[in-house]
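Chains as they are written, first to last, in the UniProt record's numbering: chain A, 1 to 418; chain B, 1 to 418.
It is worth saying that the hints were derived from the structure and are not from the lab. Watch out, some of these pointers could steer you wrong.
Copies of one chain are not kept apart here, so a pair can be met inside one copy or by any two copies together.
[What the hints assert, rightly or not] Only pairs whose alpha carbons sit at most 16 Å apart, straight line, appear in this in silico EDC-like list of lysine to aspartate or glutamate:
{"no.": "1", "residue 1": "Lys-310", "residue 2": "Glu-259"}
{"no.": "2", "residue 1": "Lys-356", "residue 2": "Glu-15"}
{"no.": "3", "residue 1": "Lys-275", "residue 2": "Glu-289"}
{"no.": "4", "residue 1": "Lys-310", "residue 2": "Asp-109"}
{"no.": "5", "residue 1": "Lys-263", "residue 2": "Glu-394"}
{"no.": "6", "residue 1": "Lys-77", "residue 2": "Glu-348"}
{"no.": "7", "residue 1": "Lys-228", "residue 2": "Glu-415"}
{"no.": "8", "residue 1": "Lys-208", "residue 2": "Glu-152"}
{"no.": "9", "residue 1": "Lys-321", "residue 2": "Glu-259"}
{"no.": "10", "residue 1": "Lys-356", "residue 2": "Glu-303"}
{"no.": "11", "residue 1": "Lys-321", "residue 2": "Asp-302"}
No experiment lies behind these values; they were computed from the predicted model shown.
There are 2 protein chains.
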Amino acid sequence: MNDSRVQASTQKLLELLEELAAFSTPGPGVTRLLYTEEWSRAQIFLQEKMAGLGLEVSIDKVGNVYGRLSGCNPQQKVILTGSHIDTVVNGGKYDGAYGIAAAMIALQDLQRNFGQPQRTLEVVSFCEEEGSRFPLAYWGSGHVTERYDGSEAETCMDAEGVTLKAAMAQSSFLQDITEEKASKRTGVRNDIGAFVELHIEQGIILEKTDTQIGVVQGIVGQSRYVVKVSGIANHAGTTPMLMRQDALASAVEMLYVLESSAKTAGEPLVATSGKLEVYPNTPNVIPGEVLFTLDIRHSEEDELERFCEKLLAECNEIAVKRGVILEVTSVLHTVPAPMDTKLSAMLENICRQEGKTYRMMVSGAGHDAQLFAPRCPTAMIFVPSRAGISHSPEEYTSPEQLVAGLEVLTAMLYELAY
Amino acid sequence: MNDSRVQASTQKLLELLEELAAFSTPGPGVTRLLYTEEWSRAQIFLQEKMAGLGLEVSIDKVGNVYGRLSGCNPQQKVILTGSHIDTVVNGGKYDGAYGIAAAMIALQDLQRNFGQPQRTLEVVSFCEEEGSRFPLAYWGSGHVTERYDGSEAETCMDAEGVTLKAAMAQSSFLQDITEEKASKRTGVRNDIGAFVELHIEQGIILEKTDTQIGVVQGIVGQSRYVVKVSGIANHAGTTPMLMRQDALASAVEMLYVLESSAKTAGEPLVATSGKLEVYPNTPNVIPGEVLFTLDIRHSEEDELERFCEKLLAECNEIAVKRGVILEVTSVLHTVPAPMDTKLSAMLENICRQEGKTYRMMVSGAGHDAQLFAPRCPTAMIFVPSRAGISHSPEEYTSPEQLVAGLEVLTAMLYELAY
């Protein structure tokens, strides 16, 4: 693109990101949880914005918003691009929103510069990816890709005990959808020929290596567990060390093994305990119960399984040795999702042609793209995150970095649809 | 004592314990926090009960209640016995209350059977020992023994932000004390010739060894710390293991060292981390901050100091190695309190004479007696705690075990005062 066009696109992209960031509950950063009023207003805003760009707008029954630029060959499958509109609590401006905003600018630029595409292009704003309000991530893309059938809405509840179904019924956005307005394309999509997602890295690798673009080769699989260790609460002064069934000391030994095993296993394996609760949590009482989470990720399914099995066996040995009771609940398992090698090679070529520095990399974070990968050729493009920070008001990617990603996305969509 | 007298004493003791247990905020077990309405009613009840036994009642300015049985030789120092009236949240019926109730029955029995003592006997119901409402343990006995001068009441606050001073002003019990009613003996006591405290063990040693009486040789010293580990919160998926400053993994290594060092040190050292908080405490975020407590006890001051110094040095090495920041705050330090050897030998003799099984032991828990030990000959008598449980509604000592303790206390007071 020439300089004035780049400037115009940069301006439009930054404006759109600022406009989206304004749809937030009060507090630091951006908080836009599924089916809240702020979320509804953001989707309504995007719907109107897409319509203003001349895109044919549709909404499916869970609130995913699509904007369609029909191609000359409607019998060919759709090229879909976009990301998610929801955020974590006190999140940033870029996670999710960037992939939607850039996709809209790209479609606008492509239409203006090259007219109608051969293949239909669509931008999507997925309703939910983070799992921040309901303990159910990828509700938007999971609905499109048959991960969920909708029955989850009956039982899944937020922290206030509101079911997903009730939240949908209360959403001003979904209430506004009349039968007429609702698209024929509600629900599952079997007409997607390729999915391309542009996203911030949420890690420090691109910044540390001074690279503009990450071409994602695969998204790690994740296994998450909740581990409960039940010992016996007792007086910290009167119970000799050898007569204790200390739940925290037991958990400590398990977590010590977790970290050292993960370091031994080496990259790309990561293993984290992010949440830990102690009961009764009183300085002079030996803990009777500890609950902690495990989050383990690897890009190879076999390696992930092997690590988890060995770790849990070791935790069990520790529990038996210490006379405490171990209960492990598996709360999430996603298989690694390799991206399409042909699409990734196309991205590499584009980076070379456009003069962008790039590197092939694994995504340690989950993304909507991983739900599409088993169903259609899927690609992901990363741009740097300052200091690797995301899910925080501190999340930041510079305008130049944002536009570099937009340029690669635009070129990729041109290659695929024109 | 003969059988009918023992039966009568048992009955009176159990009744008094039940009456005291009724002064509790609703909920499991007994909750009687300093200067609350339940606490006030319990002290008023005891005051009336002591008066009913013919004891001369006095109250000091913090709400300690005394009942005095004057001796023939008023120039001789007072023999004081009793314990504390406050409880932890959801505590038991025996911790503290037993030592007061048994002391009252003992004085009643002694007076009835032997008339006026040579030396003045006093029973005391200390206002506070547990530190459960205000972060300041031994407020009652500490006031008598000059640990506290009263200035603490200005700044010390409960969880609701009420200062100790305001709580005193609001207490219906302290409001009722007129100048006339308040004793000349308010405040510091320099007229105590010996202090004898009867208490439940709060440990499992007497039960495990099937022993009726514990003769306490000394109370452990305690060092308590709050440790803050500050790392960097980051994405659990996108941050390689070797690029983390994980506050929880750092704390885990420190606590692993704590337990193994304590086991190596051996009895009577005990070391506990009872409270641990993780921030932000989210499954997929590497913890950025962890706060945990340390509670370390030993009956020898040198050993206690050596252990704490070495442990904190090791924690510091771990922090440096991992690039996290360590802040250690000392929140409590009490020196070990040896009991008077002559009084302990008297207790041994009494157990032999009375046909009670007994053992010499260290108290791993803190008690009011430790504040008296540096000031006057002090002794402590333990009775078993079922399963070693205390600070719980499950706290239990059988009537036979309670009466065995009462008999030893009564005999001891006879020896000292008659």
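Against the structure, the hints come out as follows:
With identical chains, the CA atoms of Lys-310 and Glu-259 are at most 16 Å apart within one copy only, with a shortest distance of 13 Å there and 24 Å across copies. Neither within a single protomer nor between protomers do Lys-356 and Glu-15 lie at most 16 Å apart by alpha-carbon distance, with minima of 24 Å and 86 Å respectively. When the C-alpha separation of Lys-275 and Glu-289 is checked against a cutoff of 16 Å, the pair qualifies both within a copy, at 14 Å, and between copies, at 11 Å. In this homomeric assembly, Lys-310 and Asp-109 never come within 16 Å of each other (Cα to Cα): the closest approach is 52 Å inside a single copy and 66 Å across copies.
In this homomeric assembly, Lys-263 and Glu-394 never come within 16 Å of each other (Cα to Cα): the closest approach is 28 Å inside a single copy and 44 Å across copies. In this assembly of identical chains, Lys-77 and Glu-348 lie within 16 Å of each other by CA distance neither inside one copy nor across copies; the values are 23 Å within and 93 Å between. For the homomeric pair Lys-228 and Glu-415, neither the shortest alpha-carbon distance inside one copy (51 Å) nor that between copies (54 Å) is at most 16 Å. Neither within a single protomer nor between protomers do Lys-208 and Glu-152 lie at most 16 Å apart by alpha-carbon distance, with minima of 41 Å and 52 Å respectively.
Proximity of Lys-321 to Glu-259 under the C-alpha cut-off of 16 Å is restricted to the inter-copy arrangement: shortest distance 15 Å between copies versus 20 Å within a copy. In this assembly of identical chains, Lys-356 and Glu-303 lie within 16 Å of each other by CA distance neither inside one copy nor across copies; the values are 33 Å within and 64 Å between. For the identical chains of this complex, Lys-321 and Asp-302 are neighbours neither inside a copy (29 Å) nor across copies (33 Å), given an alpha-carbon limit of 16 Å.
Violated hints, in rising order: 2, 4, 5, 6, 7, 8, 10 and 11; the structure is consistent with all others.
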